[in-house]
Every structure is written in C-alpha cells, then in structure tokens.
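Start from the sequences, fold in the hints, and give me the full structure.
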Amino acid sequence: MLLSIENVTFRYPKASRDALRGVSFSVPQGEFAVLCGLSGCGKSTLLRLIKRELAPFGELSGRILADGTDLTRAAAPSESSADLFSARTIGIVLQDPESQIVTDTVWHELAFGLENLGLPSEVIRRRVAEMAAFFGIEGWYHKKTYELSGGQKQLLNLAAVLAMNPQLLLLDEPTAQLDPIAAADFRSMLTRINRDLGVTILMAEHRLEQVLPLTDHVLLLDRGELLCDGSPAELAAFVHSNHHPMASALPTATRVYLALQNTLPGPDSSASGSSDTPARDIPLTVRDGRALLSAATDRRSPSGDAAEAAATGSETPALAASGVRFRYDKNLPDVLCDTTLCVSAGEHYCLLGGNGSGKTTLLSLLAGLKRPYAGSVKLFGKKLSAFAMGTLYRENLALLPQQPRDVFTEKSIREDLLGAFSRACSFADAKASASAVADKANADMLAMCERLHITDILDSHPYDVSGGELQKAALAKVLASRPKVLLLDEPAKGIDVCGKDELAAILKELTAEGVAVLSVTHDAEWAAEHADRCGLLFDGEVISEGTPHAFFDGNAFYTTAANRMAGDFFPGVVTCEELIRAMSGAGEGSSRATEVSP
Amino acid sequence: MDIFRKRHPLVPLALFMSILLLAMFAQSPAITFSALAGAVLYFCTIRGGFTVRSVFSYVACWGLVALVNPLFSTGGATPIVFVGGRPYTREALLYGVHLGAMLLAVLLWFRCERRLIPEEHRFFFFGRFAPKLALLISSVLRFIPLLRRRADAMRDAQIAVGVYDEPDWIHRAKSNLTTMSALTTWSLENAIDTGAAMKARGYGLPGRTTYRTYRFTAADGLWLAAILGLATLSVLALARGGLAISFYPNIVTAHADTLTRIGVAAYALLCLIPFLSVIKEELRWCFYRLKM
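These protein sequence lines map, in sequence, to chains W and R. One point on numbering: in the numbering used here, the residue at position 255 of the first sequence is 255, and numbering is uninterrupted. One point on numbering: in the numbering used here, the residue at position 116 of the second sequence is 116, and numbering is uninterrupted.
Note that these hints are calculated values from the structure, not bench results. One or more hints might be untrue.
Claimed, not checked - If we take Cβ atoms under 7 Å as the criterion, some of the chain R residues that face chain W in the derived model are:
#1 Leu-146
#2 Ala-153
#3 Met-154
#4 Asp-193
#5 Ala-196
Ideal Cβ positions, reconstructed from N, Cα and C, are used throughout, including at glycine.
Shown next, in the form of structure tokens:
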C-alpha cells in the first residue's frame, strides 16, 4: 500500500466536534482514488494531514503511512529527513490556481521545487525540459506566470509538482475554479499522469459527474466519517439507497438508471430482481446512458415538444442592452460587438458562453462599471448614465462578483452586513434617527440571514467560511439595497450540490417577488434546471436565446448531459428529472413520451 | 532579434556597460556620435523600435537641449544674436548639440538594453550573490499584477454594492481606505496560501540550489575578451588625452594621434556590435534561402 490511513481522528483546536473520526482506508500503488463529500466534510483536512508540511494544528490520533513511513508530526517531529521525504514523495495541488504560483516566469516555476531539493542545474534543466514536453508547455515556457489563463496556471502548478517526481499526488478540488473546457483538459492530464507515469492519485472532488468515469476507487466522507469505500458503482448504489445528498451530484446517466432500475424493461434489470444493485452495470457516462436508453426504448417516441409559454412581454424590460460595443483599448479588438440583451422583471436569465467570450465584461457594462463606446444600457427604460449619483446602486441594481469575498471589507460578516443594511435603511428613510436606523438595519439583516440560512456564520471572518456559505453571505450583502435587478457572475462556481440547489431556491423566491436576475455561467446543467430563459454569448454577440427547452434542445454539444443522452429518443428533454419522467412514461407504454413542464 | 539570448548574461552586460560608461564620461564628440549612431542603427532593426511619434519626440528633445543651452550659458566667444542683452553664442549652441546627443545616446542605449539582456537573465547577479533576494524579487514581480487586478475587482465590487455612492470626497476617501484594508487582508491570505505551496514543494529544506538557464562556454569567453579588449583600447585613448575637447570660449580639440584614432575606431566597433549581429543574422538567412 502506498498510502494507509489507520483510524485517524482529528480535532481542530477549540472545535466542538471532530473534523475526522476514525477514518481508515488505503490506496495501493498506481491507483486513481477520489475522495468525495459535501463542503466541510473533512476532505481538505484529510489531504493536508497526509501532506505533513501543510498539516493543520490540532489533536490527531491514528497513523498516516506513506510508503510505510509514518509522517505525522507526533511520529516524526520536524525532522528535516521527514520533510525531505515528504517533499520528494508527496505532491499536492490546491484549489486556487493563482495563489500557488511562487515565481514570475513559467520556467522558474517549474524549476522552483527542484531548486529546493538542492539538485544541480544540469539535472534541473533535464527535468524541466521533460515536464514542459509532457505537459505541452513549450509554447508558453518563456511567458510570465501572470499572463496565463486560469487553466494554464493550474496545469503549471501540476507540472511544477510533478517535476519533483512524487509517488503520490494529492489534489484538493483542483478544477473548482476552472471553466469546463480547462477542467476537462486538466482531468485528462490527470488520467495521463496516472496511466503513463504510474503516479498514484488521491483527489478530493464533489462534482462526481466528471470524475466518476475516471476513477476506480471512491471514498465518501460525511461530517468526518468515512461512509463508503468502494468502486464508483458501489458508491452510486450506496448514496442512492441511503438518500445521501451526494446522490444529486451523480452523473445524469447514473441517476436515470438508479431511478428507473426496477421499472426498466432492460436486460440488466431483469437479471437482478433483488434490491441489491448489480454494481458493475451502473452507467457512468453519456455513452453508457445512451446505450441504456436504446436498450430500454425499442421505438423512437413521437417528438414531444411542449408548447412554450410566450416569453417576452410587451412592457419595458427591467434591463436592456442594445447595440453595445466595448473594447479595452483603442488598438484591441472589440470584446462585445452590437450585443443586444433584455431581461424582464421576474425573470431569471442565464447567459452562457465559453471562456473569454466577454460574459464578465458584459456584466460590468450592465452594472455601469464600464461604459460601452457605442450602444446603450437602459434600466427600466432609463439610461444608466442618467441615474443621479448614488441612486443606481440603491434599490435598483446590484452585482455579485465572481469572487464573493471581494464584496467583504470588514473583519466579520456581521459587521459587513450591518454596514450595508444601515446604508440601505438611511437611504430609504433619510429623516430617521441614527438609533432607529441601527435597530431597523439589525432587524433587516437578521431577517435576511434567516432567509438565507446564514445566521450561524455571522461572526466568522469572510475568509473562514466555505464557498457556498460565502456566496450566500455575499448575496445577503448585495440584497441589502433591495435591488430590482440582480446581476450574478458565475454564482454556481465551486459550490457543492446542496449549495447550488439552495442558491437556486433563493433566486426563485427573488424572481417570484419580481426581481430580474441575470446570471452569467458556464454551468449548463444549472442553467437548464433553474433559468427562465437562456442565451449564448459568442464572438461578442448573443447568438441564440430562448427558454431552456428551446435553447438546449436546439444545441447539439453545448447542452446538458440529459439532453445529449436523450437526443433523438426523447426530443425536448433537457434536465435529468425530465428524462426520468419521460423514460418511466415510455416504460409504461404511455403514448405521450415527454411531459415537459416549464 | 534576441542576439544574446543564448549567450551568458555577462556578455551583453559587459557590452552595455562599456558603451554606456564611455558615452557618459568621455565628453568627446567622436565617442558621443559613435554611441548615438550605434544605438540608432540597432534601434532601426527592432520591430516597433522607432515610430513617427517617437522619432519626433527624440529629435524635439535633442533640439530643445541644443537651443536652450545658449540661453543659460554665455561662455562662448562668437555671438550669433543677442537675446535680451545676453549673447547667444555659437560655442554654447554646439555644446548644447553635443550634450543633447549624449543624453539621447544614453536614453536610446537604455532602451536597447531591454532587448540586449534577456529578461530572465536580468537578475543574474542577484541569483549568484543573493539567491534569496532573487527569489523575493521574482515573487514580487509575480504578485504586483495580481494585486492590481484584485484591487480593480474589489473596487468594482464595492461600487456595485453602493459603497462609493456618497458624493463628498471624505466619504470617497473613506471608501478607498476600506477597499485598501480589504486588499491587505486578501494579500495576507494569498501569502499564506503561497507560503503553503512553497513549503509543500520543499522550500526551506537545507541545500537549496539556484537553477541557471545559461552556461559559460568558450564562445562566451571569446566574446567577453573581444568586448573588454575594445573597451580597453578606447579607455587608453581617452586616458592619453587625445580625445579632449573644450568648448569655451573657443572650441579647441586635442591633437589626435594614431592610438587615439584606433581607440575611437574600437569604440565605434563596440557600438556597432548589436547592429552588425543583426545584419549577420539577416545575411545568414539570405544565403540559407538561396541555397534551398
């Protein structure tokens, strides 16, 4: 066994409960293991304990053996030999691509770890060259590290760690900050490292959709306890039968299969009548899912395109951009060119688009942070520039940036929110006394926190809470000014399934109250489930627009896994639930194959 | 273009320093105009080196220095006109022309230096004598653009939640201060993460080495010897006083003997090395294409 975790229990200082409780598992040489679980389940803590240089302080019992050597601080207290062993044997890549880079040039970054190991220049030259070639970095070898894209930065971090030739590679949600294309590149690189170089990998990840097909060993952590240790299929069966929240993070094909395994008229379900799922047959990819579908449905169903509600009303849209053009510099090409976009009150509009398609730029134009050089942006029919100083961001428009921590400036979330709410209160009622404002602000803030379920993190520092919690806290701050139009930049990025669903529920409430919500996202699945209207930004223009059904069903590639799976079997199916419903309908022989509900 | 990319950094550094120091301290038209000619010729080969605007501003600066000098210095013996009762002399004008040329030459050589010494070799001396300082500089250079981007993002975020809405400047200053303190928190947090990543990759283990992307080869030795030889010849000529010139009250030049002439030629050659290297590369390509 390359890595053995033996009955590890860990508690942070002053914490009320154990972060890890009696965790035992082992990872053999050459395996690709995935450690999954919701945010705050102890994934990161466990990985950092394995990498002794990053081990957090606290009470630790049990043993952590890497290649037969106990590396815990208790067993090998700050000996440089243990440090050297750990530096050589175990590599780690963390979540944030940016903060892990140490130096200013790519070549120096690759050499950095080797310099630390005290290798001579000749050896470093060879290792760096090998890694650059293996990763295809030659093209940007002489670049500055800050010029790289997020995906390139994370690949560089991986290459820099691998140059040190570790036996075990630890990864802590390495693709959480990347766009889907860069994340797929990164994952395929991991597969290559595992298969071609034989490096053992242990990766923490909560998005199972992408990683389950890659791995052969999954570990499920829940509140510090190891619940499941087995193959992807065993994990899928486990979370499904125990109704664990991670069940909704499973790949679409798996979810469809598990939901219908007893009703499916297929060879695999007839083979097993028992409730025990035949683990090896569980489909994990879109390809497997399509095979499942073609086995289950012997005929093509009639096209079931449901009548879509007429989307746009005739009243003035809440936010409208028309013919907007923008470029960062006179000599640079247009980022946005004749972009036209409308969002109505009470609508959740999701704008999708690839990396660098100008989504974030468009958002900052719509928020009035940048000005287009042609075209206009109007809020309720009034130009943004026509709003008097200090009225635009009060009860009108608010923007939640991509990094939610950017909105926080104080030492605790409570202080920050109080500031925002008292500003809002003194604006709403200019004549109120200071104490009345303070009381009202406090009451308003508590009500908002109640609503967003963040009362228990109010006294934490904004950097100490999980991504999903911080996202909600930032949303609370942004909502303090009671905006009628809410702009969100990548709201579903890096948060786990529970967080995503919760966020969507909050947005649904807001739209029901008549707020217009525009979110910019890479996440097709999220947009399909929760948007009222979707648009695709490409080459500086919104090129296709429509309700999620019309939008995703018309796309062949840029669409949800459910739609790709359903394809011509069940046209019009976009989300996983719809596919399950459509298939159970088909299985019962009902004439209507799809019942698409808006 | 990167004529010295594969050379040891000492080679372009020696060339640059000898050209620059002589141009600054020789105070001799022969040296000054050699330096200027070398820089201009090399600059012409750089893509985007000269633009209409930059040429105009260089010439304007030169002209300004030349024309303004006689207004302050009235030491010359040959007045051209009288400005406000003060003589505007030919000698002072020529001194201005020389001074302007020297300033321009130094300026242009500094701009050439960016091309001559590859960026990754610029911290060669730090890397050799103060490796920790070199690493510090490298990580600071990485961090500054990051910090700037984060500062913009944070300011935008604060604007969009209405923090900057108060029109008076006291409030704005306060808001800026708040953003700054948030930025400080962010950089500390970022530093912790970077520190963790450094430690995880073995930083702090004993016996750290410094990776050099260059080696000192025999060719580097030849180059260095040639450059230092030419520079020595020029210094010798200068030391003999054969290049001396005095502008006031009349322009008097020293008698130039053979050794002085050789020294000037050596300096001119030194200044032409970058240009000639580019030409050599161009010719090599021409022949290469012809043979294909």
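Against the structure, the hints come out as follows:
1. For the restraint placing Leu-146/R at the interface with chain W, the shortest Cβ-Cβ distance is roughly 6 Å, inside the 7 Å limit, so the hint holds.
2. Because the smallest distance between the Cβ of Ala-153/R and any Cβ of chain W comes to about 5 Å, under 7 Å, the interface hint for this residue holds.
3. For the restraint placing Met-154/R at the interface with chain W, the shortest Cβ-Cβ distance is roughly 5 Å, inside the 7 Å limit, so the hint holds.
4. The closest approach between the C-beta of Asp-193/R and any C-beta of chain W is roughly 4 Å, which is under the 7 Å cut-off, so the hint is satisfied.
5. The interface hint given for Ala-196/R is met, as the beta carbon of that residue sits about 5 Å from the closest beta carbon of chain W, less than 7 Å.
No hint from the list above goes unmet by this structure.
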